[in-house]
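K.L.:
Sequence:
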Amino acid sequence: GGGVIGRYCDQPEKFPGVAHFHTVRVNQPGGKFYTTEYLKNLCDLWDFRGSGLTNMHGSTGDIVLLGTQTPQLEEIFFELTHKYNQDLGGSGSNLRTPSDCVGQARCEWACYDTQDLCY
98 GGGVIGRYCD
108 QPEKFPGVAH
118 FHTVRVNQPG
128 GKFYTTEYLK
138 NLCDLWDFRG
148 SGLTNMHGST
158 GDIVLLGTQT
168 PQLEEIFFEL
178 THKYNQDLGG
188 SGSNLRTPSD
198 CVGQARCEWA
208 CYDTQDLCY
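Mapped onto our numbering, the consecutive letters of the sequence shown carry residue numbers 98 to 216.
Everything labelled a hint here was simulated from the structure, so no lab data went into it.
C-beta atoms are modelled at their ideal positions from N, C-alpha and C, and glycine is treated no differently.
Just the calculated beta-carbon pair ranges, DEER-fashion:
1. G103 - H179: 17 to 23 Å
2. D141 - C106: 23 to 29 Å
3. C106 - M153: 24 to 30 Å
4. T132 - E172: 21 to 27 Å
5. R104 - N138: 23 to 29 Å
6. A207 - E110: 54 to 60 Å
7. D144 - C204: 31 to 37 Å
8. R104 - T178: 19 to 25 Å
9. T167 - W206: 42 to 48 Å
10. K111 - G149: 20 to 26 Å
11. E205 - L185: 32 to 38 Å
12. C208 - P109: 49 to 55 Å
Using the sequences and the accompanying hints, generate a full structural model.
P.N.:
Structure, rendered in structure tokens:
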């Protein structure tokens with residue numbers, strides 16, 4: 098699930114640029130459909146508060162935002178949860194990101210119009 102993966106360099110004096118290099122995972126929306134506005138806002142936030150590097154739908158299915166400093170974490174969490182209405186709760190290593198059916202938009206065998214339910 099979504100959340101923060103903390104990363105610290107064991108030699109921060111030698112590599113101060115990556116003394117803290119945390120990763121933020123953001124859950125995907127239902128059916129993995131994004132609005133252009135949401136993606137633009139997410140990229141703008143990450144350019145401002147993080148490294149600007151992303152991994153769209155990594156092995157977890159989440160949007161992976163690579164590289165930020167510890168002082169930015171609370172600001173990122175607040176903006177994602179309050180401004181973008183995004184849940185960032187973590188599930189630990191025992192549960193992978195739940196994902197719903199993409200519905201009739203991309204599946205010819207869909208039994209229910211999940212897009213109608215969500216949107």
